[in-house]
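Those protein sequences? They're chains S and G, same order as listed. The numbering of the first sequence is the numbering used here, which starts it at 1 and goes up by one. The numbering of the second sequence is the numbering used here, which starts it at 1 and goes up by one.
Any given hint might turn out to be false.
[Said to hold, decoys possible] Quick list of in silico lysine-lysine cross-link-like pairs, DSSO-like style, CA-CA up to 27 Å:
1) Lys71/G / Lys57/G
2) Lys101/S / Lys57/G
3) Lys71/S / Lys58/S
4) Lys83/G / Lys69/S
5) Lys14/G / Lys57/G
6) Lys49/S / Lys14/G
7) Lys69/S / Lys58/S
8) Lys101/S / Lys49/S
9) Lys57/G / Lys9/G
10) Lys49/S / Lys61/S
11) Lys101/S / Lys14/G
12) Lys49/S / Lys69/S
13) Lys14/G / Lys71/G
14) Lys83/G / Lys101/S
15) Lys61/S / Lys71/S
16) Lys101/S / Lys58/S
17) Lys78/S / Lys58/S
18) Lys49/S / Lys57/G
FYI, nobody ran anything at the bench for these hints, they're computed from the structure.
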Amino acid sequence: AQSVSQHNHHVILSEAASLELGCNYSYGGTVNLFWYVQYPGQHLQLLLKYFSGDPLVKGIKGFEAEFIKSKFSFNLRKPSVQWSDTAEYFCAVIPNTGFQKLVFGTGTRLLVSP
Amino acid sequence: DGGITQSPKYLFRKEGQNVTLSCEQNLNHDAMYWYRQDPGQGLRLIYYSQIVNDFQKGDIAEGYSVSREKKESFPLTVTSAQKNPTAFYLCASSITSGNNQPQHFGDGTRLSIL
């Protein structure tokens with residue numbers, strides 16, 4: 001069965017620091033990849049997605065993620081975080097063959113201190 | 001505005017009681033999903049429906065039941081057979097159940113045991 005690993009469960013950064021959240025998945029075939037964000041008291045929102053093409057994808061609010069197929073990774077990055085980026089971030093993967101279920105990682109809680 | 005509406009926001013269940021969580025969407029999406037979110041465990045799929053009048057068990061369906069009589073509605077019943085129902089429940093929908101369709105989420109229902 002597919003699985004998604006987010007190794008950083010809690011991350012604390014100061015404003016203007018750079019961010020990188022790790023995401024690794026286990027599946028040998030072609031996959032579609034997503035990052036979702038859940039701000040405090042709000043619903044999950046799609047941050048960015050990768051289906052094919054350029055492995056560096058840009059999302060909302062200055063976030064980007066790079067798909068490295070050889071490493072089965074899809075790490076999320078932001079050059080300079082803001083206090084408003086405080087949220088929980090979920091990586092999700094779905095194989096691109098037939099009907100498959102979206103598999104979520106356990107999430108990373110990011111706290112940005114002003 | 002189009003979106004997914006979950007109600008109630010908070011729900012309390014007595015021992016031995018069945019409770020039903022509502023999920024309505026006006027996005028004209030074919031596919032709908034129910035997830036359970038527990039701290040440190042990410043999102044786990046309970047049930048999903050690819051089309052009206054059809055639904056399938058997810059990874060943790062025991063103790064839950066669903067119906068999909070209308071395209072816009074996908075209610076979840078937490079039965080007395082679910083021994084650990086305290087959790088945050090999220091409903092989602094997507095245009096189709098295709099693997100490249102992002103899922104859109106509701107605000108969630110927090111269920112607690114009295």
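Broken hints, by number = Numbers 4, 6, 11, 13, in rising order.
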